[in-house]
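*Asks:* Residue numbers (the working numbering), protein chains in the order written: chain A, 1 to 113; chain B, 1 to 113.
Please note that the accuracy of each hint is not assured.
Straight-line distance between alpha carbons at most 30 Å, and here's what the computed DSBU-like set of lysine-lysine pairs gives [to be verified]:
| hint | chain 1 | residue 1 | chain 2 | residue 2 |
| --- | --- | --- | --- | --- |
| 1 | A | K7 | B | K100 |
| 2 | A | K7 | B | K49 |
| 3 | A | K65 | B | K100 |
Here are some chain A residues pointing at chain B (derived, C-beta under 8 Å) [to be verified]:
| hint | residue |
| --- | --- |
| 4 | T48 |
| 5 | G52 |
| 6 | P106 |
Just so you know, these hints were derived from the structure itself, not from any lab. In this text, a Cβ means the ideal position worked out from N, Cα and C, and glycines have one as well.
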Amino acid sequence: SAVISQKPSRDICQRGTSLTIQCQVDSQVTMMFWYRQQPGQSLTLIATANQGSEATYESGFVIDKFPISRPNLTFSTLTVSNMSPEDSSIYLCSVVGQNNEQFFGPGTRLTVL
Amino acid sequence: AQSVSQHNHHVILSEAASLELGCNYSYGGTVNLFWYVQYPGQHLQLLLKYFSGDPLVKGIKGFEAEFIKSKFSFNLRKPSVQWSDTAEYFCAVNDPGGFKTIFGAGTRLFVKA
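Here chain B stands alone, though its shape is the one from the complex (with noise of 0.2 Å):
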């Protein structure tokens, strides 16, 4: 069965540092890769996805994530934060026939001003 796993609960950043968000997923044919955030208050929204190419994907607000398939990961990073990043973050897959996403436990980013 699909799992995704996201290696940090919670995360604290002061402004302009540099943040990388790890995700390794289990999955063993080809899978479509995201990553979403929730504002507080606000519903999801897609940051970025993976489905084939480069897997260097850039996403909005300047965040990128990098699909290595060895590892199994898909690890999203941004060399500066704002507070406004501050946020919960989910990484999830899906199988490109199959549509069901799977999410994983989310990360909460809060950055300090």
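Extracted from the complex, chain A is given alone in its bound form (with noise of 0.2 Å):
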């Protein structure tokens, strides 16, 4: 199984600011996703990021918004830039590991005033 961490846990956000946001794996993947899941919703995918290349956003999702890194196979950010409310949700890491196994982080809970 692969374990992720993210950085910070939680966090609370003036508007027009951004928020940088940190996964970590304990092992090399391939795969790596960021997903959002608002209040009361489903998890939606942002979009895949890719080692040594941009990352693939899905619909409604843009780069500019959501500006993501991928320095090696164990480390990836996502930057919320110029948050308002509604950006406000809970933003997950997520890893393909061995098996198709797909695992999850703890989640970063986001709050913009």
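Make the complex out of the two chains shown on their own, each in a separate frame, by following the hints.
*Replies:* Right, dumping it as structure tokens:
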């Protein structure tokens, strides 16, 4: 199994600012993903973080708003830029390990005032 | 495009009642199917998964699910629920090559003691 940690675990931010969320995995993984879980809703895939190339974004998500870095096979960051209250959500890092099993980090709970 | 539909948003049961949560997916090819559980205040955990083989899969905590290909369904069942099963349950699907996992809207289960 893969153990995933995220920093910060939660934050309260002011409108217009940016927050960078870090995701660290305890083993090298090819596939890393960023999801968002808005209050009372299901998980929505934001993007696939690709090592050595630009992230692949899902419909409705753009790089300017959610820039992603993936410098190596164990680490990725997601930045939520120019935040508004609508960005209040839980942001989850996820990886696919051996046997195609998907693992999720504990999430970062973001509140934007 | 892939999609996942969960039939019930909220389910309330008494302890010892039987549980069945419906899940249907839309995808033309081979899929991997999952059920995840999210207990209050905790992060997602995998309950069970289907990749191939026996369409009746058994997971943790007495849960099982049956893949019916002709109906594009993957319903979750448990013969006798407990108060500790109170949680939100997510059905999810990905394709074996892409790993991009799509989640259903979730079903909130409340078990009365």
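*Asks:* Hint by hint, which ones does the structure fall short of?
*Replies:* Going through the list in order, the structure violates hint 5 alone and respects the others.
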